[in-house]
Amino acid sequence: MKNSKPARKHSSAFVNQLLAETSDVEKAQINNRMTLATRLDDLIAAKRWSKSEFAAKVGKSPSEITKWLSGTQNFTIDTLTEISLAFNLSVGELFAAPRPKIINHIHLLVKAIKSEPIPFNESVGKKTIDSTSGTFNSNYPAQNFSLSTFSNAQS
Amino acid sequence: MNYEIVELDELSGSKSTIYSVIIEDEEYTLFDSFVEENSVDHPDEVKLIVNKLYQIGHNFGAREQFFKLAEGKPGDGVCALYDEEDNKLRQYCIRYGSALIILGGGGPKPPQIRAWQQDDKLKKEAELMIWISRDIMKRMQDGEIYWSKDGTRLLGNLKISDNEE
Numbered sequence: 001m002k003n004s005k006p007a008r009k010h011s012s013a014f015v016n017q018l019l020a021e022t023s024d025v026e027k028a029q030i031n032n033r034m035t036l037a038t039r040l041d042d043l044i045a046a047k048r049w050s051k052s053e054f055a056a057k058v059g060k061s062p063s064e065i066t067k068w069l070s071g072t073q074n075f076t077i078d079t080l081t082e083i084s085l086a087f088n089l090s091v092g093e094l095f096a097a098p099r100p101k102i103i104n105h106i107h108l109l110v111k112a113i114k115s116e117p118i119p120f121n122e123s124v125g126k127k128t129i130d131s132t133s134g135t136f137n138s139n140y141p142a143q144n145f146s147l148s149t150f151s152n153a154q155s
Numbered sequence: 001m002n003y004e005i006v007e008l009d010e011l012s013g014s015k016s017t018i019y020s021v022i023i024e025d026e027e028y029t030l031f032d033s034f035v036e037e038n039s040v041d042h043p044d045e046v047k048l049i050v051n052k053l054y055q056i057g058h059n060f061g062a063r064e065q066f067f068k069l070a071e072g073k074p075g076d077g078v079c080a081l082y083d084e085e086d087n088k089l090r091q092y093c094i095r096y097g098s099a100l101i102i103l104g105g106g107g108p109k110p111p112q113i114r115a116w117q118q119d120d121k122l123k124k125e126a127e128l129m130i131w132i133s134r135d136i137m138k139r140m141q142d143g144e145i146y147w148s149k150d151g152t153r154l155l156g157n158l159k160i161s162d163n164e165e
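Protein sequence lines, in the order shown, are assigned to chains A and B. Numbering of the first sequence is given in my numbering, commencing with residue 1 and proceeding in unit increments. Numbering of the second sequence is given in my numbering, commencing with residue 1 and proceeding in unit increments.
Derived from the structure by calculation, the hints contain no laboratory data. Quantities reported herein were computed from a predicted structural model and do not represent experimental measurements. Cβ coordinates follow ideal geometry from the N, Cα and C atoms, glycine included. Each hint should be verified, as a subset may be incorrect.
Just a few of them, taken from the derived set where beta-carbon distance is under 7 Å, the chain B residues facing chain A [unchecked claim]:
no. : residue
1   : Val6
2   : Asn51
3   : Gln55
4   : Leu158
Computed footprint of chain B on chain A, listed as stretches where at least three residues anywhere in the stretch have a Cβ under 8 Å from a Cβ of chain B [unchecked claim]:
no. : stretch
5   : 11-17
6   : 25-32
7   : 37-49
8   : 67-74
Beyond 10 Å from chain B on every Cβ pair, some chain A residues (computed) [unchecked claim]:
no. : residue
9   : Glu53
10  : Ala55
11  : Ala56
12  : Val58
13  : Ser61
14  : Thr81
15  : Glu82
16  : Ser84
17  : Phe87
18  : Glu93
19  : Leu94
20  : Phe95
21  : Ile102
22  : Ile103
23  : Val110
With these hints in hand, go ahead and build the complete structure from the sequences.
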């Protein structure tokens, strides 16, 4: 029979002691460095930049960026300013938790004007969405589709 | 070699499950030994490493960016926690995505060396993690060790004895 036991839990006196010796200020410093590192990593990913591309934008080497992302960097305000400008954000926004994208309204309209059978040919069935208007373009002659959304997403 | 994979109660959290390994019938895990061995000469660095691991377990997960990858052999997941620029300690672990890591030992990296192969202590610690990683992989292929459904925990026979083979 398959053993489905999880691992035994181990409590370490060494680890406990070190955690107890860490001041609240030290904990907050470590947390802030790691928070900023993860935020930078997420921002770079959102822009679809490589580390090298981001490095070029802030005039640093890729190895410097690796260090920034490692959660060990103590940034100066000048460096934070350079980073924020690369992302077109304020320095304060670098520390702000990204707002989750919440769609709070969707309007979906599908109209069937004509209901005749559609003859098969290769061009029928090719559909595209016009990304600017949200209009669904189809070779099906009898259908129209519109979609509108409102959200709080940041551009 | 007999060993047991144990979950580190203080470091594990909702973002990442953190394990270490007890070799044979030792009282301490490989990570405990790392902390004990380096607490006198590198107290601040050891404290920082423990706190970073706490943050990884509870707040951030074992994101790739926090680790120096490919410290072992291709595909074995052996890596080292990134240290601060002036720090010298290497702490080895096996990373399975951001949800799970197994901590090993490590030691100070002398400034004159470029790779762990050039230092006896680091070589011993890194090679042990490479061996453990391979052994776990083999036991996973055999179905002896497997993932929990949510992918955050190891299940199965985690107390491994050579006699069972």
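A quick look at each hint next to the structure:
1. Val6: Holds. Min distance 4 Å.
2. Asn51: B:Asn51 check passes; min Cβ-Cβ to chain A is 5 Å, inside 7 Å.
3. Gln55: Since chain A brings a Cβ to about 5 Å from B:Gln55, closer than 7 Å, the hint holds.
4. Leu158: holds, 5 Å
5. 11-17: n = 5 at 8 Å, threshold three: holds.
6. 25-32: holds (count 4)
7. 37-49: holds (count 3)
8. 67-74: holds (count 5)
9. Glu53: holds, 16 Å
10. Ala55: holds, 14 Å
11. Ala56: holds, 19 Å
12. Val58: The assertion about A:Val58 holds, with a minimum of 16 Å to chain B.
13. Ser61: holds, 14 Å
14. Thr81: Correct as stated: the minimum Cβ-Cβ distance to chain B is 21 Å, above 10 Å.
15. Glu82: holds, 19 Å
16. Ser84: Holds, because the least Cβ-Cβ distance between A:Ser84 and chain B comes to about 19 Å, which exceeds 10 Å.
17. Phe87: A:Phe87 clear of chain B: closest Cβ-Cβ about 17 Å, beyond 10 Å.
18. Glu93: holds, 20 Å
19. Leu94: holds, 16 Å
20. Phe95: Label holds. Min Cβ-Cβ 15 Å, cutoff 10 Å.
21. Ile102: holds, 23 Å
22. Ile103: holds, 26 Å
23. Val110: Its Cβ never comes within 10 Å of chain B, the nearest being 38 Å, so this holds.
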